[in-house]
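Asker: Given chain A, work out where chain B should sit, using these hints.
As they're listed, the protein sequences go chains A and B. Quick note: the first sequence, position 8, residue 8 per this note's numbering, numbers continuous. Quick note: the second sequence, position 22, residue 136 per this note's numbering, numbers continuous.
A couple of the hints might just be wrong.
[Claimed, not checked] Examples of chain B residues toward chain A, derived with CB under 10 Å: (1) T125; (2) Y149; (3) G155; (4) M194; (5) A203; (6) K211; (7) L212; (8) G215; (9) G217; (10) R219; (11) Q221; (12) F223.
What the hints contain is simulated information worked out from the structure, not anything from laboratory work. Please read these numbers as outputs of a predicted model, since none were measured by experiment. All C-beta atoms, glycine included, are put in the ideal place defined by N, C-alpha and C.
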Amino acid sequence: EAGVAQSPRYKIIEKRQSVAFWCNPISGHATLYWYQQILGQGPKLLIQFQNNGVVDDSQLPKDRFSAERLKGVDSTLKIQPAKLEDSAVYLCASERDRVTDTQYFGPGTRLTVL
Amino acid sequence: GQSLEQPSEVTAVEGAIVQINCTYQTSGFYGLSWYQQHDGGAPTFLSYNALDGLEETGRFSSFLSRSDSYGYLLLQELQMKDSASYFCAVLFYNTDKLIFGTGTRLQVFP
Chain A
1 EAGVAQSPRY KIIEKRQSVA FWCNPISGHA TLYWYQQILG QGPKLLIQFQ NNGVVDDSQL
61 PKDRFSAERL KGVDSTLKIQ PAKLEDSAVY LCASERDRVT DTQYFGPGTR LTVL
Chain B
115 GQSLEQPSEV TAVEGAIVQI NCTYQTSGFY GLSWYQQHDG GAPTFLSYNA LDGLEETGRF
175 SSFLSRSDSY GYLLLQELQM KDSASYFCAV LFYNTDKLIF GTGTRLQVFP
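In isolation and in its complexed conformation, chain A is listed as follows:
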């Protein structure tokens, strides 16, 4: 079974520029999450989708971050404009195993904002 795919793996931009990340979850997984992980900290949930609907986006800085999952499969996360403090790894995860509360994470995109 293929895992969660993310691209790009690395991205370097200057502040005030825009950037987009892509995620393809495990086939058949209805739930998709985007996390932000700042160096030395645990992942912080940004947004949760169930199919193509948003379940929770309370931690998403909506003035600059946006996310969509139009067909209930792939998802994109966009930052516009980026700030220095957005430098982090952006992790995508799919489905939660209700029995064990397992999430399957992608390799992440490491964003550096200069």
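Answerer: Leaving out everything else, chain B in the frame of chain A:
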């Protein structure tokens, strides 16, 4: 608030046993999970405790005590490849959201 505290760093030698603690100040969650994350890698699921007590999975065991608001991950027969960051996480009833702890960096020395 909902917070999970872990020691920032733990060191040990190969073959040893190490315990990583997770204390929390919250209630109303389904269970306590543990994830491993190597540098530059994605978090991967290790174990889950829905009930109080010890769960064993090979060299790794995890424990939960809801009455003490405390859990731990026990790693036995440490290997160099166990050097990584370890995160506890809980899924809360009221938000259905997975919250991660502060993370513990484990360094295993030969």
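Asker: Confirm or reject each hint.
Answerer: Structure-based check of each hint:
no.: 1; hint: T125; in the structure: 17 Å, violated
no.: 2; hint: Y149; in the structure: 8 Å, holds
no.: 3; hint: G155; in the structure: 7 Å, holds
no.: 4; hint: M194; in the structure: 22 Å, violated
no.: 5; hint: A203; in the structure: 8 Å, holds
no.: 6; hint: K211; in the structure: 6 Å, holds
no.: 7; hint: L212; in the structure: 6 Å, holds
no.: 8; hint: G215; in the structure: 6 Å, holds
no.: 9; hint: G217; in the structure: 5 Å, holds
no.: 10; hint: R219; in the structure: 8 Å, holds
no.: 11; hint: Q221; in the structure: 14 Å, violated
no.: 12; hint: F223; in the structure: 21 Å, violated
The structure does not agree with the numbered hints 1, 4, 11, 12 stated previously, though it agrees with the rest.
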